[in-house]
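Participant: So you can see what is in the structure, the chains are spelled out below.
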Amino acid sequence: MKIGVKVMPRQEVLDTQGRAVENTLRQNGKQLNACQVGRYVVLDLPGNDEAAAMASAKEMAEFVLHNPLIETYQLEKL
Amino acid sequence: MSVGVLRFPGTNCDRDVFEALEGAGRKPEWLWHADQFDSRKHEALFLPGGFSYGDYLRSGALAARAPAMKSVREAAERGVPVLGICNGFQILCEAGLLPGALVRNRGLRFIDDWVSLRSVNKHAQFARAGGSARLPIAHADGRFVVSDDELKKLQDRGQIWWQYESNPNGAAHDIAGVMNEKKNVAALMPHPERAMHAWMGGTDGVGFFE
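Here the protein sequences line up with chains D and L, keeping their order. Mapping of the first sequence onto my numbering: residues 966 to 1043, in sequence order. Mapping of the second sequence onto my numbering: residues 20 to 229, in sequence order.
Any given hint could be a false lead.
Said to hold, decoys possible - Covered, in the sense of this in silico footprint (three residues per stretch, anywhere, with C-beta under 8 Å from a C-beta of chain L), are these stretches of chain D:
{"hint": "1", "stretch": "991–1004"}
{"hint": "2", "stretch": "1014–1022"}
Said to hold, decoys possible - Derived EDC-like pairs (lysine to aspartate or glutamate); straight-line CA-CA distance at most 20 Å:
{"hint": "3", "chain 1": "L", "residue 1": "Lys46", "chain 2": "L", "residue 2": "Glu200"}
{"hint": "4", "chain 1": "L", "residue 1": "Lys202", "chain 2": "L", "residue 2": "Asp175"}
{"hint": "5", "chain 1": "L", "residue 1": "Lys172", "chain 2": "L", "residue 2": "Asp131"}
{"hint": "6", "chain 1": "L", "residue 1": "Lys89", "chain 2": "D", "residue 2": "Glu987"}
{"hint": "7", "chain 1": "D", "residue 1": "Lys995", "chain 2": "L", "residue 2": "Asp54"}
Read the hints as simulated data drawn from the structure, not as lab findings. Heads up, the beta-carbon is just placed ideally off N, CA and C, and yes, glycines get one too.
Full structure from sequences and hints, please.
Facilitator: Pasting the structure below:
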């Protein structure tokens, strides 16, 4: 079972990558209010129990995939 | 006429390239990423290595869309010789001025080493003599990738410039450097500006700046 982990920088943390991408887009005439850059991790987990897979993905997200001080994460079943 | 040397935030081989050009008797001139320039004023353009824009998004992706690159594109269309080194190679690929893309090394590690190269096709201005060269590499995203169809075209059109004798990073077809179809835009991952004097460990880079 595949679970997606979306990791995004926290709003209150300066997202330098997002800012750099935003500036490049603006410089090239694109209209936007803001741009954030995060990362997307796809976990292929054993078994067919969705609740167990979600629990396992949550454990991994908190173990290493995100840093709670500067990032937030969301899980989704794929 | 002067030789333009592009500077982006995070470029870090700019001074080395500048001095290599001076040593070769050229007249280098700085070009700033945020400014467009007159594409008729330079006999050649150099895009040095480094980590432009902190390698954000993808190596070279943001630099390729900087204002100065509009002028580089015009110059390239006009036939001006353009040389990209390392991050300059990544920028030219991201700009679509060269085929393919550069991705993370096969071994996932940054590699800092000397490599032996053989020229497959010669460039009319840069390292005209071709042959073989021993140059330093220093990159994390140096693995050249290209579709099989495109690789076939590169071979048929003579666009492969340099190949590694011993592939350090998993590059397709051992490719270390390529040229565009018109053969005026060229780039390679190794750093010729770091092989300009015997005390640097070699002088095979000299021909790239003459």
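Participant: Now, for every hint given, state plainly whether the structure supports it.
Facilitator: Do the hints match the structure? See the list:
no.	hint	verdict
1	991–1004	holds (count 3)
2	1014–1022	violated (count 0)
3	Lys46/L x Glu200/L	27 Å, violated
4	Lys202/L x Asp175/L	13 Å, holds
5	Lys172/L x Asp131/L	31 Å, violated
6	Lys89/L x Glu987/D	19 Å, holds
7	Lys995/D x Asp54/L	18 Å, holds
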